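Number of protein chains: 2
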Amino acid sequence: MRIAQSIAQVRQLVREARSAGKSIGLVPTMGYLHDGHLALLKAAKTGTDFVVVSIFVNPTQFGPNEDFENYPRDVARDETLLQDGGCDVLFLPSVEEMYPKPLATTVELAGLGQTLCGASRPTHFRGVTTVVSKLLHITMPDKAYFGQKDGQQALLIQRMVFDLNIPSEIVTVPTVREADGLAKSSRNVYLTDEERPHATVLYKALQEAKQTLMEGVRSGTSIAEEMRQRIANEPMVVLDYAEVVSRDTLEPLEKLEGPIMLAVAAFVGKARLIDNVQLTLVGDDVIEG
Amino acid sequence: MRIAQSIAQVRQLVREARSAGKSIGLVPTMGYLHDGHLALLKAAKTGTDFVVVSIFVNPTQFGPNEDFENYPRDVARDETLLQDGGCDVLFLPSVEEMYPKPLATTVELAGLGQTLCGASRPTHFRGVTTVVSKLLHITMPDKAYFGQKDGQQALLIQRMVFDLNIPSEIVTVPTVREADGLAKSSRNVYLTDEERPHATVLYKALQEAKQTLMEGVRSGTSIAEEMRQRIANEPMVVLDYAEVVSRDTLEPLEKLEGPIMLAVAAFVGKARLIDNVQLTLVGDDVIEG
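Chains A and S supply the protein sequences, listed in that same order. Residue numbers in the first sequence follow the numbering used here, run continuously in steps of one, and reach 289 at the last position. Residue numbers in the second sequence follow the numbering used here, run continuously in steps of one, and reach 289 at the last position.
By construction, these hints were calculated from the structure, which means they are not laboratory data. All values reported here derive from a predicted model rather than from experimental measurement. Check the hints yourself; a few may be wrong.
27 Å max Cα-Cα, derived DSS-like pairs, lysine-lysine [to be verified]:
| # | chain 1 | residue 1 | chain 2 | residue 2 |
| --- | --- | --- | --- | --- |
| 1 | A | K22 | S | K42 |
| 2 | S | K143 | A | K101 |
| 3 | A | K143 | A | K204 |
| 4 | A | K184 | A | K45 |
| 5 | S | K204 | S | K270 |
| 6 | S | K210 | S | K184 |
| 7 | A | K255 | S | K45 |
| 8 | A | K143 | S | K184 |
| 9 | S | K22 | S | K143 |
| 10 | A | K101 | S | K22 |
| 11 | S | K22 | S | K45 |
| 12 | S | K184 | S | K45 |
| 13 | A | K45 | A | K143 |
| 14 | S | K22 | S | K42 |
| 15 | A | K143 | S | K204 |
| 16 | A | K184 | A | K101 |
| 17 | A | K22 | S | K210 |
| 18 | A | K255 | A | K210 |
| 19 | S | K210 | S | K143 |
| 20 | A | K143 | S | K270 |
| 21 | S | K255 | S | K270 |
| 22 | A | K22 | A | K204 |
| 23 | S | K101 | S | K204 |
| 24 | S | K204 | S | K45 |
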């Protein structure tokens, strides 16, 4: 595995791989890798010939009172995991390399980026879509891989690539979970032993909502309310939101049909956790994905 | 010359040229071509091996009361001019091809896009930078060519490409002028015979301001005011703005030094005309460009 710290270096390595006829895969991460990231790497290894994993804790997607400074980092461990996973290039730029002067340009999905997590984190998705567009331009991958756990993020990036004709395919990889259902996340490290068992309530609320859908209920407001109560009643957990939205508009739906997302977010101690389930409703049928 | 009406078609033609080892040049236009556009084509022919000219009257860069519907169009004449000029591909997409569904994504330079022309046309540059990013993604040129006449536009696009790491070089080509100095523009067709002689006041005001700079004056406010009075006093001409700005921030400067732009805009009858001069001030020296 090669490590590139500069944009020029990673571009050179990608150019060499392209010249050798290889297709390029990109896995953008903020590091502190877990099994969810390794599933992205595995999917990229399967789907493309030459895989670049980027590790960049992007300051512009953190709000002023969020955890940028304290976001967990362990590059030495990440390097070993990537090496073992068959990553070809680790792109590890500094903040100065990515932002040599203050950005005048933003790439934004104003409507879709202000709902759900965007309501609690108003500048978050602008930072995400802008930095992802930079990473796509730097590596020009055939395919880029994102986790379904960050459901709104993946949908925004898909829409950005469609709207702007960016010549990369966005692949979404299913959420990897702990044995009790908790979605793997770098931020799970913030959970104390006491808090940890309660964090599964996000997964449980989603599963119960899915069960309600399978029983034939099609009211978005009643299912959202069921999830809210389930989460709000859990000790040590503070609800941020629980919504049932259209996967196209990300707006809450009353009459449920077609491609939907059940999306939840809650604070458990210092950790803000998110999770979601994506379903397609066709008549009485509830189809995964 | 090939004509591509779909994105898939132009991409295929570019891919074939790339496979043959050719470098790609892009000249984005709104058609109704004049000598200014042909200078862009010529520069692209010199700088790259395979030139795509796009003609697309982009609705998103026109305000609600602007001239989108009446913008001059003559595709048959444009085709002949491009054929004669040695263009390889004319990309001629429909509005539906470029915007198959309403855009959720915008690419914006909020600060730099709200001054000068952006003050009079608040959504204009958002439309420009978004559609140019689409055209760059569609054709992935080595170099893209823009006229210096649209000075703010060229600076915004250069900054966008820098900020987002878009792998294309932006080349600015000097303004082509009529014998009396009026900058060539598709919108000059709006001028009546009576109005036409007065339209040269933009050029004259810029040249007089440049002369004042060469005499050693370095006050931005006094030079801007001199240009404003010169334009406002011309019959049949209504001043929009006249400013002396930093080429980096596009903000008006008081003490003039380094790379600056003298920029003017005025209404002459139905036509809104713009013009500019780019200079670099080093001590007593006034350097073109």
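Hint consistency between K22 of chain A and K42 of chain S [alpha-carbon to alpha-carbon, up to 27 Å]: Cα-Cα ~35 Å, so violated.
Pair hint outcome, K45 of chain A versus K143 of chain A [Cα-Cα no greater than 27 Å]: holds, 11 Å
Pair hint outcome, K101 of chain S versus K204 of chain S [Cα-Cα no greater than 27 Å]: Judged against 27 Å, a Cα distance of about 45 Å means the pair is violated.
Restraint status (C-alpha distance of K143 of chain A to K270 of chain S at most 27 Å): With Cα atoms ~48 Å apart, K143 of chain A and K270 of chain S exceed 27 Å; violated.
Given pair status - K42 of chain S, K22 of chain S, alpha carbons within 27 Å: holds, 17 Å
Distance restraint between K210 of chain S and K143 of chain S, which requires alpha-carbon spacing of 27 Å or less: Violated: K210 of chain S and K143 of chain S sit about 31 Å apart, past 27 Å.
Restraint check for K204 of chain S with K45 of chain S, where alpha carbons must lie at most 27 Å apart: violated, 32 Å
Pairwise hint evaluation, K22 of chain S against K101 of chain A, where the allowed Cα distance is 27 Å at most: Roughly 33 Å separates the two Cα atoms, so the pair is violated.
Agreement of K204 of chain S and K270 of chain S with the hint, judged by alpha carbon distance not exceeding 27 Å: Roughly 20 Å separates the two Cα atoms, so the pair holds.
27 Å limit on alpha-carbon distance, applied to hinted pair K184 of chain A and K45 of chain A: holds, 21 Å
Hinted pair K143 of chain A and K204 of chain A, Cα distance within 27 Å: violated, 32 Å
Pair hint outcome, K184 of chain A versus K101 of chain A [Cα-Cα no greater than 27 Å]: Violated, at roughly 34 Å.
Hint compliance for this structure: hints 1, 3, 7, 8, 10, 15, 16, 17, 19, 20, 21, 22, 23, 24 are broken, all remaining hints hold.
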